[in-house]
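Peer 1: Assemble chain S onto chain D, guided by the hints.
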Amino acid sequence: MSREEDRYRQELEDIYAARRERFRVLVCIDGSDESYLGLKYASRMGAHRADCDIILLYVRPIDQGLHSGGLQVRVARENMLSWGLELPGIRRLRKGLEVLVGEDELKEEWTAETTTTTVDGDPLGDNKIEYRHPSGRTIVLKLKVAPDAASGILDQYELGPYNLIIIGSGRRGRSRLRATLTPSVSEKVAYHAPCSVLLVRDLVAGQGHLICVDGSDFSKDVVMQEAMIAQRFPDPKLSAVCVAKDDEGVPEAERIVNEIRDMLKSELNFDLRGTYVRVGDPVEQIVDAGKDYSVIVLGDSGKGTMSRILGGGVSTDVMRLAHNSVMIMR
Amino acid sequence: MGLNGLSPKAITQGIDPRAMKTGVRRVVRAGRQLNFYYFWEKRWFFIAMAVGFGMLQLPLPGDLSREGMIVLTMSVVATILFITEPVPLPTVALMIVVGQVILLGLDSTNVAKSLMTDSVLFIMGSLMLAVAVVKQKLDKRIAWLIVRLTGTKTSYICFGISAVSGLLASFIGEHTVAAMMLPVGITLITLTSDDPKAVRNLAAVLLFSISYGCSVAGIGTPSGGARNAIMIGYWKEFFFDPTDPESRKFLIDYVHWMAYAYPLFLVQLPFVTMILLFTFRPEYRNLSRAIVKLRAEVDMQGGLKPGDWIAILIFFLVLAGWITASGEIGMGTVAIFGAVGFLVAGLVKWEDINSGVNWGVVLLYAAAISLGVQMKDTGAAHWVSEHFLDVLKPFGAGEGIGLWAAVSGLTTFVTNTMSNGAAVAVLGPIVLNLATAAQESPIVIGYITAVSSAFAYLTVVGTPACTIVYASGYLKTTDFLKVGWKMCIMSIIVMILGAYFYWPILGT
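Residue numbers (the working numbering), protein chains in the order written: chain D, 1 to 330; chain S, 331 to 838.
Treat the hints as calculated values from the structure; they're not laboratory data.
Bear in mind the structure is a predicted one, so any value in this text is a computation, not a measurement.
Errors might be hidden in some of the hints.
Sample of chain S residues with no beta-carbon within 12 Å of chain D, all distances over it, derived [said to hold, decoys possible]: (1) 435; (2) 478; (3) 600; (4) 660.
Derived, one-sided and incomplete: chain S residues facing chain D with beta-carbon distance under 7 Å [unchecked claim]: (5) 461; (6) 686; (7) 801.
The C-beta atom is built at its ideal place from N, Cα and C for all residues, glycine as well.
Bound-form chain D, shown alone:
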């Protein structure tokens, strides 16, 4: 038994090690326009590269038999399946696949493998279809059952790992208290996911990323990571902004952005499109400066629930207030 366990563990470790070598993007699909915009963005980011895996995830809430008067919803679902009807999640994932690959190309060039994992109390369980391209690229459609969407997405990370989670974000402007006490699915994922998260909001592709820097070591790591992501796009456009609290801080802010520019040039041979220094409240300035970009990129402020209520955090506040998409880097 223990030998089998060891072998199984070794197999898992090998899989994880192989996955760490690849760029893996988890795109959460819920049928909204935002989620498909996010998928298109993921496609621009990696669809043409051999080291990229795109995983489309749809989370179905687990059946609540109590609300259906004691008859499990699975009975209704089974009946739907026997009619040859697809469940909502499958339909939405297929639409996502069409965004990534044309029907003819899929038939001719890709191979498919289907896996099903039994989940107690659900007729379908977790389902996975993995499409593989000879170049090494993979696209996975995953239909997952979980108590709620956020738990399902975070659980999926554990099966990963992933480099980036892309999720549609609801409306902007929720108060700090509400966002902390009753976080939406995208906010929960952004707070708790161990990897970087892109919250998609009115995403217009092709306008580049704006990264916010503050001179810390963590901020430098974030810039390096982001530059590597930006390089994946056909036409990488990355600008950096540093916000000084007052006029006295401007020279220091200028030094920081210049340092970042030089670091990217020397280590990655990557040119920044522009560097900016702004003066004022960091959140207001970043939200305003980021309006003209596709995505605002920030490092995670790493705050807990209490400190989010009391003091907020630049990244979480920008996430709430930004007009456009925000990427939280970890």
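Peer 2: For chain S alone, coordinates are given in the frame of chain D:
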């Protein structure tokens, strides 16, 4: 800031800074071990427990016994948990059982006995029957029957779906019919257009025709829903005295219930279609394209097979048993007999029944009814109802039609926040005592409560049929609000008019 985040002021307050530092470290370390997110997610559980603890510390109101206060506390805690659902609902049932033994000091065997009544047996049997009926795959034939009767016009099909769903749901439960008819609705939608956005309103009209058709029908007979059986159980427990022949009127049988409630369902039916067509104007006025394809699918099934005929026979035997023999052997026994029939005939596998029924519901209703009986026995229900009546009187709602409207409004509110069976289980003891205190007929007030508990049109979780059609993924939660309030007003008006003009003819 000083050592490890301590302010210099704290350090200079005469406490050994090193001890303080260690103490803070401990707290910080403990904080890392604790998962505060867990406490936040379960906050309503802890709030409910705190409310319960607080209530038990309060001095007893003059006319309420200690036991009454404990049962009242348990009811309040259970209600908070029913509404907020911080823990799986069957947990609440288990807590009620434990609470009755530990807090009330009742003998555990007596508590266990109080859990199983004919009503609970009936709920259990009906659920097993529901799974068995859905498994017979008669849905395509029913769908074809509907479209043969209605033709291809969208409005007629909607009425046909509501009417047939309703007629079936009134006997075999709304959840059964919703599960059977859901594929019919979705097939009609997908055969009309592959693009969900192009058939948004059509989808809403067709699916709501199923769910609301079933919901308004659930009141029609005792087998329409668990809440009806719960109310029948309460009438018997509270008012029937074997030594008093007068009290036999509280033994409500199947036919008696139908006489009161069935006409209310039939009157509501046309309004359902009207409200739906008025609220969501369907994109297609004619579904002939979808009907042709549906017909082709039904033709492929061929004629009725012997197994189908046996299933139909068992179903009608059960129905006949409920109508003619439920007074003598109990409705629960008839339902169980039906389940046995399906199993013996090999029409359904036990594994299907076992996985298709949520047994937690049976446990939940059993515990809720047991608590309801304790509410009556300890005088808690009487105490609450008297005080509630004092509140209603200044508004002219202390008697007659005002009281009916108040009870109906209260039930409609509660049933929209929790499952309708739980709503009747929680409210039943209070409103029946309210009827006695206000010198109204407990039968009329009981019917008003049971019927009003079907008016949970506003939320996805309100009625079983709504939950099931929502699982299709075609509806939004806001759709329920958009049309639900109109349905609530229509249903309350129909019921009050029925109670005022029709029920007196039956002699209450």
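Peer 1: Taking the hints in turn, state whether each one holds.
Peer 2: Evaluation of the provided hints:
1. Under the 12 Å C-beta cut-off, the non-interface status given to residue 435 of chain S relative to chain D holds; the minimum distance is some 30 Å.
2. At roughly 19 Å, the least C-beta separation between residue 478 of chain S and chain D is larger than 12 Å, which holds for a residue marked as non-interface.
3. Residue placement check: residue 600 of chain S keeps its beta carbon more than 12 Å from all beta carbons of chain D (closest about 25 Å).
4. For residue 660 of chain S, the condition that its CB be more than 12 Å from all CB atoms of chain D holds, with the nearest at approximately 19 Å.
5. Contact between residue 461 of chain S and chain D, as hinted, is supported at the beta carbon level, the nearest pair being about 6 Å apart and thus within 7 Å.
6. About 5 Å separates the beta-carbon of residue 686 of chain S from the nearest beta-carbon of chain D, less than 7 Å, and the hint is met.
7. Given hint, residue 801 of chain S at the interface with chain D, holds; its Cβ is 5 Å from that chain's nearest Cβ, closer than 7 Å.
Hint compliance for this structure: every hint is met.
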